[in-house]
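Residue-level listing of the chains:
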Amino acid sequence: MLEIFVGAKFKFMQARKGAYVFSAVLVAASILSLILHGGPRESIDFTGGNVLYIAFENPADVGAVRAAAEKAKMEGAVIQMAEGNTQAIIHYRAASGDTTKYFDTLKAAFEPGRQDTVTLMSKETVGPKVGSELEQKATMAILWSLVLILAYIAWRFTRISFGLGAVIALFHDILITLGLFSVLNREVSLTVVAAFLTIGGYSINDTIVVFDRIRENLKLGRRMTFQEIIDKSVNQTLSRTILTGGTTLLAVMALFFLGGVVIHDFALAMLVGVVIGTYSSIFVASALALDISTWWNRRKQAREGRASTRKAAAG
Amino acid sequence: MSNLRVKWAFLVIVLAIFGFYLLPTLRYYALPAADRDKEDPKVANLRGEAMHLGLDLQGGAYLVYEVDLSKIPPDQRRGDEVDRAIEVIRNRVDQYGVTEPVIQKQGQNRIVIQLPGLQDPERAKELVGRTARLDFLLVKNRQELYQAMTKVDQAVVLRGKSLLGAVMDSTALADSMLAAADSAAADSILAGKHPFSGLFQQIPNQDAGIVYCPAENIDKAREILKAVTGDPAKEDPRPLAGNTVLLWGSRSFGAGSQNPGRYLYALTAKADLTGDNVADAQVAFGLEPARPNAAGVSLTLDKRGAAIFTRLTGNNVGRQLAIVLDHTVQSAPVIRDKIRGGRASITGLASDDEAKDLGIVLRAGALPTDIIAQEERTVGSTLGKDSIQEGIRASLVGMALVVVFMVIYYHLSGALSVLALIINLFLLFSTLSMLHGTLTLPGIAGIVLTIGMAVDANVLILERVREEIRNGKTVRGAIDAGYGRALVTIVDSNLTTLISSVVLFQFGTGPIKGFATTLMIGIIANVFTAVFVTRLVYDSVMAKRQIKKLSI
Chain H
1 MLEIFVGAKF KFMQARKGAY VFSAVLVAAS ILSLILHGGP RESIDFTGGN VLYIAFENPA
61 DVGAVRAAAE KAKMEGAVIQ MAEGNTQAII HYRAASGDTT KYFDTLKAAF EPGRQDTVTL
121 MSKETVGPKV GSELEQKATM AILWSLVLIL AYIAWRFTRI SFGLGAVIAL FHDILITLGL
181 FSVLNREVSL TVVAAFLTIG GYSINDTIVV FDRIRENLKL GRRMTFQEII DKSVNQTLSR
241 TILTGGTTLL AVMALFFLGG VVIHDFALAM LVGVVIGTYS SIFVASALAL DISTWWNRRK
301 QAREGRASTR KAAAG
Chain W
1001 MSNLRVKWAF LVIVLAIFGF YLLPTLRYYA LPAADRDKED PKVANLRGEA MHLGLDLQGG
1061 AYLVYEVDLS KIPPDQRRGD EVDRAIEVIR NRVDQYGVTE PVIQKQGQNR IVIQLPGLQD
1121 PERAKELVGR TARLDFLLVK NRQELYQAMT KVDQAVVLRG KSLLGAVMDS TALADSMLAA
1181 ADSAAADSIL AGKHPFSGLF QQIPNQDAGI VYCPAENIDK AREILKAVTG DPAKEDPRPL
1241 AGNTVLLWGS RSFGAGSQNP GRYLYALTAK ADLTGDNVAD AQVAFGLEPA RPNAAGVSLT
1301 LDKRGAAIFT RLTGNNVGRQ LAIVLDHTVQ SAPVIRDKIR GGRASITGLA SDDEAKDLGI
1361 VLRAGALPTD IIAQEERTVG STLGKDSIQE GIRASLVGMA LVVVFMVIYY HLSGALSVLA
1421 LIINLFLLFS TLSMLHGTLT LPGIAGIVLT IGMAVDANVL ILERVREEIR NGKTVRGAID
1481 AGYGRALVTI VDSNLTTLIS SVVLFQFGTG PIKGFATTLM IGIIANVFTA VFVTRLVYDS
1541 VMAKRQIKKL SI
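Here the protein sequences come in this chain order: H and W.
Position 190 (the first sequence) corresponds to 190 in this note's numbering; numbering is contiguous.
Position 321 (the second sequence) corresponds to 1321 in this note's numbering; numbering is contiguous.
Take these hints with a grain of salt, some might be off.
[Said to hold, decoys possible] A few chain W residues that don't get close to chain H, going by computed Cβ distances all over 12 angstroms:
#	residue
1	Lys1038
2	Pro1073
3	Lys1105
4	Pro1204
5	Val1283
6	Leu1435
7	Asp1480
[Stated by the list, open to error] The list that follows gives simulated cross-link-like pairs (lysine-lysine, BS3-like), each with its CA atoms no further than 30 angstroms apart:
#	chain 1	residue 1	chain 2	residue 2
8	W	Lys1125	W	Lys1071
9	W	Lys1125	H	Lys101
10	H	Lys11	H	Lys300
11	W	Lys1105	H	Lys101
12	H	Lys9	W	Lys1544
13	W	Lys1125	W	Lys1038
14	H	Lys9	W	Lys1548
15	W	Lys1385	H	Lys107
16	W	Lys1226	H	Lys107
17	H	Lys107	W	Lys1220
18	W	Lys1303	H	Lys101
19	W	Lys1338	W	Lys1303
20	H	Lys219	H	Lys300
21	W	Lys1220	H	Lys73
22	H	Lys73	W	Lys1226
23	W	Lys1038	H	Lys137
24	W	Lys1473	H	Lys232
25	W	Lys1226	H	Lys101
26	H	Lys73	W	Lys1125
27	W	Lys1125	H	Lys137
28	H	Lys71	W	Lys1549
29	W	Lys1105	W	Lys1125
30	W	Lys1226	H	Lys129
31	W	Lys1125	H	Lys129
32	H	Lys219	H	Lys9
33	W	Lys1473	H	Lys219
34	H	Lys107	H	Lys137
35	W	Lys1473	H	Lys11
36	W	Lys1226	W	Lys1125
37	W	Lys1220	H	Lys101
38	W	Lys1071	H	Lys71
39	H	Lys9	W	Lys1549
40	H	Lys71	H	Lys129
What the hints contain is simulated information worked out from the structure, not anything from laboratory work.
Note that the structure is a prediction, hence the values are computed from the model and not measured.
Positions of the beta carbon are idealized from the N, C-alpha and C atoms, including for glycine.
Please build the complete structure, drawing on both the sequences and the hints.
Pasting the structure below:
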């Protein structure tokens, strides 16, 4: 039997202060980057604009593409090279959606040898009106899935410490993924939003497995502190956490490296989300559940203490 | 034992039903690519039953248009403009020959058009989006041309600012200028300046109202005319002095081939005859003596149209009659004689394709009003093919990695979960074809994700079983306990992903919907295979013989 982590007794919860610092740094960096960039960089799906996917026969230099885009007067052009520089994705804003005209000008702006080998693979134009509608839809989708997931968590985990832990871990995961997109200056498109929602689902999924185990161990009612129970539960589910995280990661990596240019950003978001989601179910969700419930109990005790003192005084 | 038999029978029936629905998809995609678009009823039937590929995988165009009702005066609106526009577009698309087009009304005045599998989506887009308003307008004389051009000059000068900067936003003033017909004030301001008419050259031996604009002046002249009489792409051009409209010609003409410029025509503002009276339009060759190989469109007018045409030509022998398509002059032949019989032709087209497409739009009729593109996504068929290949490769590699991982880690039990995974994919594709669903690139991503996450349920169970074995349970007891305890968690964890995918499905458009669909089906199939199918195999094996040691 090939096994990892059998009878593992890692003291995860002892390390949680370190994890808090680590998470806080990532979250702060994400927020900072988002502030510096003035929010996430929205793709033309939301802002309206144009995208051209073009292909070259021979690898092209990003500078040459940029120069050509400038000559073609593609306003605010952002160029992303792909497939070993044989493809380029050009995002730009323009008043008119006449992408064919822009492409023709772009093509003509390349050096004579290359001009004939430039082909237009795909193009997208989104009008500003549709863009803002799509933005609305995406926002609604995010809000609704948050509401539903929250409702589910509230129903499933009656203990507030669990619910809060899971929710904070969820926001933590999405925020850090969003932050990485901001740091890398990648655009958030409809597909990326879909990835975010999936990360949300995955993050909760991973957390639930640990929490279910904690609940089960709590019911067994052995003489252990809450911290010991959490550590035990995390260790018991550790193989599963690593295995599922591992297989999902393998699949997403296949998508990231082989899935092609169109799906690349989606795969990137998933890749980061799966790693962060796996980490956070232990070090954020479970750890917070511990700290919140400790804090809660202490407060309750203090209150009860006060109440009984009062009662005693009254009596 | 009999209980197991019932379960096996159930599984076989389920697989058979799903397999039945998968069959058309398999048969359809087994056809050589060239045969798949055939009109053959058998193929068409198969196509209808099979799972579809999204536009991003087979190439094509996704277009969203808004019907511009603002251009129709409120008292002339009939309320069915959007439906009529859809009808016209459907006609055009059908005649162009697109298999499985989707043309739908969205909201109040939007039209969503999906045209899959096109080699040249750009051309189809032109065909769909074009208003195709056909007008027959008489060419005015040179005197009237000059008067109209002078009006434009005046409108420009009246602004008193630098030329281009001034005309950009001068329409309001230009209007009042144009209204003050023949005002002395305007003349005095003009004082011999010709900001607009100075851009043109006279055509030798030409008495009609046509001038030539050299290539280097075209952009400037266009800009000015647009500012004064309106953008012909967006509105009907405003008439100038004495009901004259100034319209550009469609083709570049070489006045000396070095320097291709364009003609500007002075035309009567109101059409006596329009495309409404065209009964048929066919591509024809040899319509132009000068270009015998060039394709044109031969028009057959309806009865009323023919009568108008006869009168129009009879009254205006010797003049030129311009054939104007969407406010652009296609050609302006001289009327040699009264024309009876209601036949006319359009020449001066750039290519055979243009003639073909023009024939289509004229047969299908004009749109009731302009439609404005709101969203356009076109994917070339090459990129689509690349995407499929890359998607399949990523899926296979992802799957192979997961399979190797599971078999190494869990041995035979791992192999069993691989079997579950395969059944899972089988169910996924069958359900997609059962629902006549569409597989998109994000949909493939959803499948890859499903592959990665599908083993989760198996992992949960197997880990639990291992634990129970370690705790000293028998194989049978361990399996019972493992499945029992893992079930709650499996349902719990899959439910959250299901929530996300349902929401995505609800709010997503096109490709995202495809992602949500595969994810949803994948999750449900996943729970079924992990909980029911694998358990059935264990139970059956254990019913036959005593197992001391489980390969896990």
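Verification of the hints:
{"no.": "1", "hint": "Lys1038", "in the structure": "holds, 26 angstroms"}
{"no.": "2", "hint": "Pro1073", "in the structure": "holds, 23 angstroms"}
{"no.": "3", "hint": "Lys1105", "in the structure": "holds, 16 angstroms"}
{"no.": "4", "hint": "Pro1204", "in the structure": "holds, 33 angstroms"}
{"no.": "5", "hint": "Val1283", "in the structure": "holds, 23 angstroms"}
{"no.": "6", "hint": "Leu1435", "in the structure": "holds, 19 angstroms"}
{"no.": "7", "hint": "Asp1480", "in the structure": "holds, 17 angstroms"}
{"no.": "8", "hint": "W/Lys1125 / W/Lys1071", "in the structure": "holds, 22 angstroms"}
{"no.": "9", "hint": "W/Lys1125 / H/Lys101", "in the structure": "holds, 14 angstroms"}
{"no.": "10", "hint": "H/Lys11 / H/Lys300", "in the structure": "holds, 27 angstroms"}
{"no.": "11", "hint": "W/Lys1105 / H/Lys101", "in the structure": "holds, 29 angstroms"}
{"no.": "12", "hint": "H/Lys9 / W/Lys1544", "in the structure": "violated, 39 angstroms"}
{"no.": "13", "hint": "W/Lys1125 / W/Lys1038", "in the structure": "holds, 22 angstroms"}
{"no.": "14", "hint": "H/Lys9 / W/Lys1548", "in the structure": "holds, 29 angstroms"}
{"no.": "15", "hint": "W/Lys1385 / H/Lys107", "in the structure": "holds, 23 angstroms"}
{"no.": "16", "hint": "W/Lys1226 / H/Lys107", "in the structure": "holds, 28 angstroms"}
{"no.": "17", "hint": "H/Lys107 / W/Lys1220", "in the structure": "holds, 24 angstroms"}
{"no.": "18", "hint": "W/Lys1303 / H/Lys101", "in the structure": "violated, 41 angstroms"}
{"no.": "19", "hint": "W/Lys1338 / W/Lys1303", "in the structure": "holds, 16 angstroms"}
{"no.": "20", "hint": "H/Lys219 / H/Lys300", "in the structure": "holds, 21 angstroms"}
{"no.": "21", "hint": "W/Lys1220 / H/Lys73", "in the structure": "holds, 18 angstroms"}
{"no.": "22", "hint": "H/Lys73 / W/Lys1226", "in the structure": "holds, 21 angstroms"}
{"no.": "23", "hint": "W/Lys1038 / H/Lys137", "in the structure": "violated, 38 angstroms"}
{"no.": "24", "hint": "W/Lys1473 / H/Lys232", "in the structure": "holds, 21 angstroms"}
{"no.": "25", "hint": "W/Lys1226 / H/Lys101", "in the structure": "holds, 19 angstroms"}
{"no.": "26", "hint": "H/Lys73 / W/Lys1125", "in the structure": "holds, 24 angstroms"}
{"no.": "27", "hint": "W/Lys1125 / H/Lys137", "in the structure": "holds, 26 angstroms"}
{"no.": "28", "hint": "H/Lys71 / W/Lys1549", "in the structure": "violated, 72 angstroms"}
{"no.": "29", "hint": "W/Lys1105 / W/Lys1125", "in the structure": "holds, 17 angstroms"}
{"no.": "30", "hint": "W/Lys1226 / H/Lys129", "in the structure": "holds, 24 angstroms"}
{"no.": "31", "hint": "W/Lys1125 / H/Lys129", "in the structure": "holds, 20 angstroms"}
{"no.": "32", "hint": "H/Lys219 / H/Lys9", "in the structure": "holds, 20 angstroms"}
{"no.": "33", "hint": "W/Lys1473 / H/Lys219", "in the structure": "holds, 21 angstroms"}
{"no.": "34", "hint": "H/Lys107 / H/Lys137", "in the structure": "violated, 35 angstroms"}
{"no.": "35", "hint": "W/Lys1473 / H/Lys11", "in the structure": "holds, 28 angstroms"}
{"no.": "36", "hint": "W/Lys1226 / W/Lys1125", "in the structure": "holds, 24 angstroms"}
{"no.": "37", "hint": "W/Lys1220 / H/Lys101", "in the structure": "holds, 18 angstroms"}
{"no.": "38", "hint": "W/Lys1071 / H/Lys71", "in the structure": "violated, 36 angstroms"}
{"no.": "39", "hint": "H/Lys9 / W/Lys1549", "in the structure": "holds, 27 angstroms"}
{"no.": "40", "hint": "H/Lys71 / H/Lys129", "in the structure": "holds, 28 angstroms"}
In this structure, the hints that do not hold are numbers 12, 18, 23, 28, 34 and 38, in rising order.
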